[in-house]
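J.: One-letter residues, chain by chain:
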Amino acid sequence: MNRLIPLALLCAALCAAGKAQRSDYALKADFEERYRHIAARLDSASQTEEIDSLRGEIGTLEKEYAPHHEFLDKALYPLTFSESIARLRSLQVLTYDRVYLIRTQGVKLSELEARITSLTTRLDSLTAQRDQLFGELQESRKSLSTLREAVKRLTANLAAKDRLIFALVDTIFLPYGKDLHQVADAQKEAIGQRLEKANVLSRVYEIAADNVKFLDVTQLQGKDYGNLIEQYEAFNGRWTALKGKMTDVAATSAPLPTGTTGTGSSKTPVVRGGPREVRGATETAAAQAAHVDSVLAEWHAKLKSGFWGGLQKEFTQAGISVAPFNDGPSFSSSIRSYVSSLASSKQDPQPFVETLWRQKIDRDWREGLSRDAMLGKAEYASLDRLVGSSPGIPSTRRLSSISPGYSSSLPRSGSFSSGRKRNPRSLRQRRRAPQAAPGVYFSRGSA
Amino acid sequence: MTRSLTFCLATASLIVLSSCSSLKLERVDFGWPVESVVTVSNTNTIEEIRYSVSAGVAGLAQEEFQDSTALRGAKLRLLRSSEGYYFLTGPRFKHVYVFSPGPSSLALNKAIPVSESGLRNPALNQRPPYVELLDGDAVRTLLTSDDIVEAKK
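Line by line, the protein sequences are chains A and B. The working numbering numbers the first residue of the first sequence as -10 and each following residue consecutively. The working numbering numbers the first residue of the second sequence as 387 and each following residue consecutively.
The shape of chain A in the complex, shown without the other chains:
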């Protein structure tokens, strides 16, 4: 009797349901098959519209099998029915986001590719223009005004190339964010190919070599150096950042092709966009970048020697005999010694203070000297006060009164700093305004 009660209940339930008999196993297998089918379609989906429609199918699946959820909770393993549906929904959302991102990123990438092509073309036309300008520079040496005009156009050309090459590099790296360690190997390889296609290393080298050549063939004035130093520091900082990224990329991609450039005074081998030459295993991105480093070092050295040599020449031409100097500390020491000797020897300070320091050094060389890489603002202000307080100079004309904005930090060494600190332009303009000299003055940043 006891046995018959559950039996009767079971039969009643089955009859009431009025359903065709079905194997539990078949029910479970059907659900799993439909689950796998939807998951597979999500996996291969490439259109957001398709993924949207699959969301509807997940809803239908859940609705159809909801009456069996108690059975499926036990039969499905290791997930329950509701966990399986939740996982499918999560997969749908993730797939939608992925496909959406790929589509939008694809649009962005094509825009960036177009920009890279445009920048490359502009760089090539600037290179052709540069060759013409160097030719003009050689021919126009006789006329000062023509010469200065040629120099102005050439520096504008070099500055434009400088800006463009790093705009090109930024465009290449832009889609991948700042942290290249998180970029997949395939993407790094793509970056490497773009860098190679755009001939980036070769172009960076050319710009640095052009600057070396420019320093070789141009007679610069003191006031030219401020911008030139700033230009070098900016370029060096950007190159250092690029080098790190390229090393990261090259760790995954094949070695870049190499060649030799004839531009500039340095015939250092550099990366070229021509046919590939496979180098040995020891050839690394760091070694290739060293070629650019070498021409940058040459640029640095020429800039420094030109600067200190030109400044020394000012003293010689003015008939002021100071101890030789070739960097900030030795210049500072030399001036301090000379001011001390003036005080002790009772010489007339006017030629030094008025003619040389005020008319030449403070007007033409102050901007260059104030760069941290040369003397530094604080040390220049200190020297300026020292010179202004020389015996025989009226206190109202003492020079220290016009340098309130200078900090009191210690003088820096003669090496270029990678960090850029802009001069307080308003202060500079305020000081220059009444003394603005007529004639040619060019700025590297005025392209």
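Hints are supplied without guarantee of correctness; some may be wrong.
[Stated by the list, open to error] Partial list, computed: chain B residues near chain A (C-beta under 8 Å):
(1) P419
(2) V420
(3) E421
(4) V423
(5) R436
(6) A509
(7) N511
(8) Q512
(9) L520
(10) D523
(11) R526
Worth flagging that the hints you see were computed from the coordinates, not collected in a lab. For every residue, glycine included, the Cβ atom is placed at its ideal position computed from N, Cα and C.
For this one, chain A is given, so just place chain B on it according to the hints.
T.: Coordinates of chain B only, in the frame set by chain A:
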């Protein structure tokens, strides 16, 4: 004295033995929610992954088909009832075999005859306290560990 000692030892032994065998866990449900469909391998074994059960079925083939290799490649239906018996059958089977587990073995509890011509596409469902046998849409049979409770054709 000797008699008394023997009596005491016997009493103590009985107490210890009875206390050991008295522990029994109740309301155990061994039932699998759904049958497993297992394929007989070339070595005449079946393996159920989820519950980690494997067994040689050459003896079963011999019993059902008088050929120990008759089941190679066949898909058998295996279900453990809530009581803990293993129900096993398959296509062309005339019986549902009910086994009870023992040390490294499954002992035949009952071979329940279910079809004179052999099952075509059998399936086992868990319907506590019974096990339901289906064969296509035509046959539905409720089984216990040793008998048919109800058969509907």
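J.: The structure should be examined with respect to each hint, and the outcome stated for every one.
T.: Each hint tested on the structure:
Residue-level restraint check for P419 of chain B holds (minimum Cβ-Cβ distance to chain A is 4 Å; threshold 8 Å). Because the beta carbon of V420 of chain B sits about 4 Å from the nearest beta carbon in chain A, less than 8 Å, this interface hint is met. Interface hint status for E421 of chain B: upheld, as the beta-carbon distance to the closest one in chain A is roughly 5 Å, under 8 Å. For the restraint placing V423 of chain B at the interface with chain A, the shortest Cβ-Cβ distance is roughly 6 Å, inside the 8 Å limit, so the hint holds.
Because the smallest distance between the Cβ of R436 of chain B and any Cβ of chain A comes to about 6 Å, under 8 Å, the interface hint for this residue holds. A distance limit of 8 Å between C-beta atoms decides the matter here; for A509 of chain B the minimum to chain A is near 3 Å, and the interface restraint holds. For N511 of chain B, the shortest C-beta to C-beta distance to chain A is roughly 5 Å, which falls under 8 Å, so the interface hint holds. For Q512 of chain B, the interface hint holds, since its Cβ comes within 8 Å of a Cβ in chain A; the closest pair sits about 7 Å apart.
Given the 8 Å rule on beta carbons, the hint for L520 of chain B holds: about 5 Å separates it from the nearest Cβ of chain A. Hint status for D523 of chain B relative to chain A: holds, with the closest Cβ pair at about 6 Å, below 8 Å. Interface hint at R526 of chain B: satisfied, since its Cβ lies 5 Å from the closest Cβ of chain A, which is below the 8 Å cut-off.
In terms of the numbered hints stated before, the structure departs from none.
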